[in-house]
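Engineer: Residue numbers (numbering that gives the first Met the number 0), protein chains in the order written: chain C, 0 to 641; chain F, 0 to 641.
Each hint should be verified, as a subset may be incorrect.
List time: in silico SDA-like cross-link candidates among lysine to any residue, alpha-carbon distance up to 20 angstroms [as the list claims (entries may be wrong)]:
id	chain 1	residue 1	chain 2	residue 2
1	C	K548	F	G319
2	C	K159	F	G118
3	C	K386	F	K621
4	C	K316	F	K548
5	F	K627	C	E614
6	F	K239	C	M588
7	F	K316	C	G556
8	C	K618	F	K388
9	C	K153	F	G118
10	C	K125	F	L146
11	F	K239	C	I628
12	C	K618	F	K618
13	F	K548	C	V318
14	F	K621	C	I628
Here are the simulated distance ranges between beta carbons [claimed, not checked]:
id	chain 1	residue 1	chain 2	residue 2	range
15	F	S48	C	A163	23 to 33 angstroms
16	C	A163	F	D49	23 to 33 angstroms
17	C	K43	F	V541	52 to 62 angstroms
18	F	E94	C	P180	41 to 51 angstroms
Simulated from the structure, these hints should not be mistaken for lab results. Just so it is clear, the structure is predicted and the values come from calculations on it, not from any experiment. Don't be surprised by glycine CBs; every beta carbon is placed ideally from N, CA and C.
2 protein chains.
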Amino acid sequence: MLESEIYKLLTNNGFKLPKYIRCEVTDVPYIDFFPVALKVESSKIIHKSDFGAVKVNISNKKKFIKAKQEIIKSISQKDIFLDEDDYFLVTQMVEGFELFVGVVDDDIFGKVIIFGKGGVFLEMYKDICYIDLYAKNDEIIKSIKSLKISKLFKGFRNYKFDIAEIVQFIQKVQEFVINNPMIKEMDFNPVMLNEDGLTIVDSRIKFSKNQKTKLVRTKRPDFFKNQKVVVVGASANPNKVGYAIIQNSLKSSCELFFVNSKGGELLGKKVYSSISKIKGDIDTAVLTIPAKFVFGIIKELIEKKLKNLIIISAGFKEVGDLNSENNLKLLAHKHNFNIIGPNCLGYYNSTTNLNLTFGTSNIYQGDIAFISQSGAVLSALMDKASKFKIGFSHIISAGNMVDINFAELINMLNNEESCKYICIYAEGISDGKRFLEALRNTKKPTYVFKTGKSSLSKKVAFSHTGNLSGNYKMFKGLIKSVGSKIEDNIEALLFNPIIDCDNILIITNAGGPASILSDYIIDRGKKIYQLTSEDIAEFDKVLPFNWPKANPIDIIGDSQSDRYENSLKIANNLPEVELIYLIVTPQFMTDSLNIAKLLTKKWDKKIIPIFLGGELFGKSMKYLEKNKIIYFDSLQDATSFL
Amino acid sequence: MLESEIYKLLTNNGFKLPKYIRCEVTDVPYIDFFPVALKVESSKIIHKSDFGAVKVNISNKKKFIKAKQEIIKSISQKDIFLDEDDYFLVTQMVEGFELFVGVVDDDIFGKVIIFGKGGVFLEMYKDICYIDLYAKNDEIIKSIKSLKISKLFKGFRNYKFDIAEIVQFIQKVQEFVINNPMIKEMDFNPVMLNEDGLTIVDSRIKFSKNQKTKLVRTKRPDFFKNQKVVVVGASANPNKVGYAIIQNSLKSSCELFFVNSKGGELLGKKVYSSISKIKGDIDTAVLTIPAKFVFGIIKELIEKKLKNLIIISAGFKEVGDLNSENNLKLLAHKHNFNIIGPNCLGYYNSTTNLNLTFGTSNIYQGDIAFISQSGAVLSALMDKASKFKIGFSHIISAGNMVDINFAELINMLNNEESCKYICIYAEGISDGKRFLEALRNTKKPTYVFKTGKSSLSKKVAFSHTGNLSGNYKMFKGLIKSVGSKIEDNIEALLFNPIIDCDNILIITNAGGPASILSDYIIDRGKKIYQLTSEDIAEFDKVLPFNWPKANPIDIIGDSQSDRYENSLKIANNLPEVELIYLIVTPQFMTDSLNIAKLLTKKWDKKIIPIFLGGELFGKSMKYLEKNKIIYFDSLQDATSFL
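Please work from the sequences and hints to get the whole structure.
Structural biologist: Structure, rendered in structure tokens:
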């Protein structure tokens, strides 16, 4: 598309552009809006600057004529000669603060707007944010405020602009792109911000030939409704997954059926030699059989009006068999059942105490729903959770994710009363648009960890926008803009939901570590509680005269458990404090075991003990582990989930 | 200082400035260098822009006359009227890329140069670096390369400049400031970079009235030479520090003397009732007595030609007694002995196996010298070190640091053969210039952790420079520029020296965690080893067909210890690999204890096992701890020291 055509298109869609004139190569037009820029408009030249085909800051007619001659000379040296198909474009120079607005059609998130500092600094500082094409007002504002240039909207030097004007512009871009679905990539750079508003000075638009269409199911059964459950591949061999699953499943209140062609009995239950022998319908099935038998079994399950299928069996995409995965998908569509997996660790639901995983059998009931794309990460975190008695409402090992996706799972979890928090470990996301939509709409707090931060996409880009998309920053920006928390370590997916606190108090027997801890807390954007004079008076009653009268509360190196206890009692009564860190360092004669024992008492506040040491604290740590009390032995770990 | 005077001063010192004319208020000078800027030079006006006393981009004489009239009008509206003491300054407009160069006299580091992006973006992006006034060529380059604008020197858009030109300019600034020691603060903003080099367009200089002088001792005894050691305050009470110290000291090959006014015998050794009763001189003394007795004892020790004094006793600065600390300092100066402390954990030297700390008695001999300003952090890390058999050559608990400082300790450690690495935990640093100098000159790798990141200094600033100094970024920038490593967690001070590796290989039984680990490794600027086709052929011999033929080496979920062992054997022989991470996740039937046992075998490479789990790995972790093998149970921790 030629620049003058883009000018028309944008003007027709309500955007403001500089005054311009399009003239023939030999023409010297009358210009009443000096100073101007002059550029060639020709299909022969793509990168105008590289060919010397642009001149700026032309202040009068004489200089205009000279500039034109210079351009013609410059491009002729590159063997390009203009003819009647070519034009010159004369545009008014616009002063102001240079912004950048782009649109990209991302493989994962679809159309996304990129906004930030424009001009020459765009690439240098990458001060940009990502805004979903369907982002609402508050999301747009949140994204803009994440920029360094957002200082402009608070008043910065001689600049002070209304953020609402930017938001309106972004909304106009949203509308424009939604109404013109063939737009594939778009660059406005710069958009000039000045007292007259926003003017698009330079623009490029790329259109696509055809639109993607996607197979989307509107209605599907609720995956979390499980009553009659069959385990296909039940095994008597304790070294097999099929044994682990049936053993883990036994505690459930669901009606359970074990299937193995050998028949017989397992763990006191009848084993059916085939699915057809089970009376009535089945809603949920889990398969641990080799991949080659999967399709045969599914056929039998369809006869039983299957609703939910968990395929633990490996041997699909991960060994290169994409075709089978596609067939699974088509089957699920045709017969309207859900698939979890293949190549996964299984499924757990606390409501019926249904553990269909081959992870630890020691799952505590709780309020965290955990969705994981990696079985290994999941099994590690399930094991860590059981160490500290962190409970789950649901566990879904998504595996190769052939059918049901993150968005659908989140939507289904919205109706599950047992679930208070949704934690997601993601490796790759296919339909980012629906994922964003689901996160945007859920009322439950969501926590997301994503791998592959450093694997930037390295496509050859048409525009700046192309270069700036498809990276972890974009993922992070979009996910945060819809209100989710992005975690930077996997353990935080367990700890953050249960310790989502602010206004923190620190009790410590040493100043140094407390000062480091405060740094970490502030780095994470959380507040250190400010003691009132009444609080100080309370602590004065139980602490030595030389305590520093401030939070962190340094109860001094010679503290024994009684002083920790007295301080905890006061802290426990401070209404505004949400979380208490208890730092214990191995000072001479610190009775760490007695301090550890304090933590098994009943406290109203959340208390996180940090035992900073190694061998000398061995017994105390063992005591805490035995009592399943969450503790840390490093200051960084203890704050990594804030 | 008036602007025209600064112009002269700078020009005389070899800096390039724009052409300028200074003219009287009523004067219309002949100008041959349009376009120009026009500003008032008057002691009545400090912030010219705020008073409308600056006009830029004046292109001819007519506009010049108009601009002058406008300025006079504008300032008269603020009730300022120019007279014969006032002037106008006409300067040539200079185009180019705006840089910033400042100098600050920092409380800690003395004179420091700040360099970066200038103009309006200085405050917005804070793309600046810190350069010591005495920084050498390579330090300057290192600092400049940490900037985003350093792209300019690699070729960026239409810009491409020689970094050497910037370095020369910085060196000119160094020379200028060294030769003019009364300069207290200086702002060049902007300095214009273009084909003609660097031109200082705007400048402010603040001079100080008087120079600081400091008491510096040039020659002092070597703290690490200890032969005859006395413990004053030796105690029979196991609850006292004076008992812990004598017990810890017993293993030493030094000649030991215990002193307590009660006399008698302790742990099989004679106790002297006073220092005077000890025959001959004493080189090292450690005091655990109450603060009020310290000065009396020091008098007696001076008689014995004391060289090194370790004051463990608390009750000085930390309870508000600054006067006593000053007296300690003066005594040390007068009688030329060193003081460590007061209020510290003590001192350890592996050469004579001398443990004069009241930390763990279980110190392993090794090659890390550890200097800590916090006794509590030190005792925690000593305890953690003993858990993993990490050894020390020296431990110095600096305490209130009344006398001997970081720089002197580093310089002394340079001559200690037993010390290979120097680790420093710092809370506050007083003489930053000498600290930098010591770090710059030592040939031993140095690792620094510093608290107080978030406590920015909040002084009212004369200049940009003032606003940009005194923060953690400045500390970090300067320390890094002299070649030290800055740690972001305290444990890294132990792990980093012994695992200072690159070219990393990962062996794992799951893809997900390995992908996260790779992210962390790359984030930390380290390389993932690239497998050659020969390497792949080797691994093919021992791994299942579907391993991904790349590093991370996913040996597949069903791996048992034999497959780990076979893979380790191959990895151990790859010449370029420096470090191997071994990830173990609790997959079904993972024989984790046998995998743990592999690690007690002899391997040439450094191997860091990561056991990602909780309860299921209990036994394996206990086994590793018993065998003092460094392991981690979190991916983030396992890389936090890289």
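Engineer: Would you mind marking each hint as holding or not holding in the structure?
Structural biologist: Hints versus structure:
no., hint, verdict
1, C:K548 <-> F:G319, "holds (14 angstroms)"
2, C:K159 <-> F:G118, "holds (17 angstroms)"
3, C:K386 <-> F:K621, "holds (15 angstroms)"
4, C:K316 <-> F:K548, "holds (16 angstroms)"
5, F:K627 <-> C:E614, "holds (11 angstroms)"
6, F:K239 <-> C:M588, "holds (9 angstroms)"
7, F:K316 <-> C:G556, "holds (16 angstroms)"
8, C:K618 <-> F:K388, "holds (19 angstroms)"
9, C:K153 <-> F:G118, "holds (19 angstroms)"
10, C:K125 <-> F:L146, "holds (13 angstroms)"
11, F:K239 <-> C:I628, "violated (32 angstroms)"
12, C:K618 <-> F:K618, "holds (16 angstroms)"
13, F:K548 <-> C:V318, "holds (13 angstroms)"
14, F:K621 <-> C:I628, "holds (19 angstroms)"
15, F:S48 <-> C:A163: 23 to 33 angstroms, "holds (28 angstroms)"
16, C:A163 <-> F:D49: 23 to 33 angstroms, "holds (28 angstroms)"
17, C:K43 <-> F:V541: 52 to 62 angstroms, "holds (60 angstroms)"
18, F:E94 <-> C:P180: 41 to 51 angstroms, "holds (44 angstroms)"
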